[in-house]
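The residues making up each chain are set out below.
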Amino acid sequence: MSYKTKKRLVNIPILIVLIIFGAVIIVPIIWITICAFRPQTELMQYPPKFFATELTLGNFSAISQRIKIWTYVGNSVIYCLGSTVPSVFLNALAGYAFARMRFKGKNILFILVLATMMIPFQVIMVPLFLEVYKFGMYDNFAGLIIPNLGAAITVFMLRASFSMLPKELEEAARIDGLTEFGIFAKIMLPLVKPTLVTVIVLGINGAWNDLMWPLLVTSNTNMRTLTNGLALFIDSSLQYGTAFAGAFISICPMFVLYIIGQKYFVEGTATSGLKG
Amino acid sequence: MTKRIKTFWNKPSHLAYLFVMPVVLLLVVFRIAPMFAAFACSFFDVNMFLEGKGFVGLDNFIEAISDTRFWNSFWVTIKYTLIEVPLQMIIGLLLGGLLTKNTFRNKFFRGAYFLPIVCSATAVGIMWRMFMHSNVGILTYWLKLLGLNVNFLNSTDITFFVIIFMSVWRSFGITTVIFVSAMQNVPGELYESADLDGCSKIRQFFAITIPVIKETFSFVLITRLIGSLQVFDLVFTTTKGGPNYTTETLVYYTYVKAFSNNRMGYGSAVSMFLFVIILIITVIFYKRLFKEEA
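Protein sequence lines correspond, in order, to chains R and E.
Position one of the first sequence corresponds to residue 1 (this note's numbering), numbered consecutively onward.
Position one of the second sequence corresponds to residue 1 (this note's numbering), numbered consecutively onward.
Read the hints as simulated data drawn from the structure, not as lab findings.
Where hints are given, some of them may not hold.
[What the hints assert, rightly or not] In silico EDC-like pairs for lysine to aspartate or glutamate, Cα to Cα no more than 20 Å straight-line:
#	chain 1	residue 1	chain 2	residue 2
1	R	Lys-193	R	Glu-131
2	R	Lys-134	E	Asp-157
3	E	Lys-6	R	Glu-267
4	E	Lys-3	R	Glu-168
5	R	Lys-186	R	Asp-176
6	E	Lys-101	R	Glu-267
7	E	Lys-79	R	Glu-168
8	E	Lys-287	R	Asp-176
9	E	Lys-240	E	Glu-189
10	E	Lys-6	R	Asp-176
11	E	Lys-11	R	Glu-267
12	R	Lys-68	R	Glu-54
13	E	Lys-214	R	Glu-171
14	R	Lys-106	R	Asp-176
15	E	Lys-107	R	Glu-267
16	R	Lys-134	E	Asp-45
17	R	Lys-193	R	Glu-170
18	E	Lys-11	R	Asp-176
19	E	Lys-6	R	Glu-170
It should be emphasised that the depicted structure is a prediction, and the values quoted were computed from it without experimental measurement.
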C-alpha cells in the first residue's frame, strides 16, 4: 500500500468521528429551525416528522400576542450594548494604565483587579442583589448594567495588547504635542482594535445569553430580557410552536454575529478561556 | 488655575489614577465588597428588604447541614462535576488532536462545534426539551423505532445524565478550540524526530502533545471545575431541579432558598459551602503551579 492510500484509510475513521460530533450539534439546531415555521397542528402530530410539509409564520405572531417579545428583544439589545461599550472603554483605560504608565501602588491595584477573577459570581449573587436593591437599581437598566461594567478579564486582555505596542509611538506623539489622554485615545486605542472587537463580541454574546443576573434584578415584565423572559414563559406554555419560535428568535442574532465575527469568537476563547 | 489642573493631570504618573479608578471602584463595590458581605450575611436571618431576626450566629449553617435537601444538592453538584468535567476534557483533547492542522476541513468542523456557544441556555433548554419530548420529540420517536423506550426528561435515573449531556453538548467546542490553539504551539520538530524513531501518532499524542500543553490542560481543568460547580442555567431552563430533586444543584438550591423563599441570609450561608470548595480547588491548583515553577 502506498503512503498516500494508507493515509487516506486512516482519515476515514477520523472523518466519521468528526461527522458524528458534527451531526449531534447540527441536527437539533436544524430541527428547531424547521419547527419554528411549522403550524401548531403539525407539531402535535404523532409520529413526529423531521421535515415540514407546510411552512407558516403563525408561531411568530402567536408568541408576540402571548408575551411582549419585541420589548424583550429591545431590552436585550440595550443590555448588550450598555454593558459592553462603556465597559470596554473603562476597562481599556485601566488596561492601558497598567500596561504603560508608572504610578505608585500599581502592583497592588493590579493584583486587586486580578483577584476579582477568582470570585465566583454565584457566591456573591445574594449580597450583590441586596446592594443593587438598596441602591435603588432594582428593576431598571442601571441595575442590569452597572454591576457588570468592571471586568478583570477585559482589563487583563487589553493590558496584554497595550504592552506590546512600541514605546517610540508614545514619544513621537508627545513631541507632536498630544496630551496623555490624546495619546491613549487617538494613537493607542485604535492600534488594539482587534482585541477591542474580540472583547465586544464576547461581551455582546455573554449579555445576550445571560440568564441569571436579569432573572435576579428584574421582575417587571417590561424589563425582562429575551433570554430570561423566554425562560419564564416556556414554563407556563404548552404551545410548542411558540416555544420554537421564541428559541429561534433568541438564536438568530447571535448566529449572525458568529458568522460575521467567527475569528474574534475563536481567538477570544483561545486566549481568555471563556466560561461556558 | 484650569491650566494648572491640566498640567497636573497630564503627567502619566497622575493620570494613571484617573484611568484605573473607575474600574477599581466598580470592582471593589460590585465584586470585593459583596464577597465580604456574603460572608457576613450568612450569620444573619434577613430577607430582601433586610427584615428578619437579625444576627443568628451559626443557625443558618446548622440548618443547612441538617437539611437532607441541602446534602442532596451538594452531592448532585459533586457527581455532576466529576462526570461532566472529565467528559468535556476527553472530548476536547480528542477533537483538539484531530483538528490541530489548519486545513479547510478542520476549520469547518471547529466552526460547527462552536455553534452551541452562541445559543442561550433558554434556547438550548427549549431545543433539547422538545427534541427529547415524550410525545412530540423526534429523538424519543427515533429511539422508539429502534425499540428503545426512553423517558429523557422525567426519570430519576436518566434526566441527570441528560443535563450533563446538554452541558457537554453546549461547551465542548470551547475546550476543543482552546486545546487546538495550545497544540498548534507545540514545536513541529518534536513530532519530526518522533516520526523518525517510528513512534506511532497515538503514542506521540500521549508522550509529546499532552506533556507540552500541560499548562493549558490545568487551566482548562480548573476553569471547567469551577464552572461546573456553579451549574445553574441549564437546570433552570430544563428541569427546575426535578424529577424528585435528582437534578437540583447547589446553586439552584441557593437560588430557590434565597430568591423564591426570600431568605437571603440562609442563601448566603449555603453559597459559603460552594465558596469553600472552589477555594480549595484554586489553592491546590496554584500550589501545584508554583511548585513547578520553583
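Cross-check of the supplied hints:
{"no.": "1", "hint": "R:Lys-193 x R:Glu-131", "verdict": "violated, 34 Å"}
{"no.": "2", "hint": "R:Lys-134 x E:Asp-157", "verdict": "violated, 43 Å"}
{"no.": "3", "hint": "E:Lys-6 x R:Glu-267", "verdict": "violated, 39 Å"}
{"no.": "4", "hint": "E:Lys-3 x R:Glu-168", "verdict": "violated, 27 Å"}
{"no.": "5", "hint": "R:Lys-186 x R:Asp-176", "verdict": "holds, 12 Å"}
{"no.": "6", "hint": "E:Lys-101 x R:Glu-267", "verdict": "holds, 16 Å"}
{"no.": "7", "hint": "E:Lys-79 x R:Glu-168", "verdict": "violated, 55 Å"}
{"no.": "8", "hint": "E:Lys-287 x R:Asp-176", "verdict": "violated, 49 Å"}
{"no.": "9", "hint": "E:Lys-240 x E:Glu-189", "verdict": "violated, 52 Å"}
{"no.": "10", "hint": "E:Lys-6 x R:Asp-176", "verdict": "holds, 17 Å"}
{"no.": "11", "hint": "E:Lys-11 x R:Glu-267", "verdict": "violated, 35 Å"}
{"no.": "12", "hint": "R:Lys-68 x R:Glu-54", "verdict": "violated, 27 Å"}
{"no.": "13", "hint": "E:Lys-214 x R:Glu-171", "verdict": "violated, 40 Å"}
{"no.": "14", "hint": "R:Lys-106 x R:Asp-176", "verdict": "violated, 28 Å"}
{"no.": "15", "hint": "E:Lys-107 x R:Glu-267", "verdict": "holds, 13 Å"}
{"no.": "16", "hint": "R:Lys-134 x E:Asp-45", "verdict": "holds, 17 Å"}
{"no.": "17", "hint": "R:Lys-193 x R:Glu-170", "verdict": "holds, 17 Å"}
{"no.": "18", "hint": "E:Lys-11 x R:Asp-176", "verdict": "holds, 16 Å"}
{"no.": "19", "hint": "E:Lys-6 x R:Glu-170", "verdict": "holds, 19 Å"}
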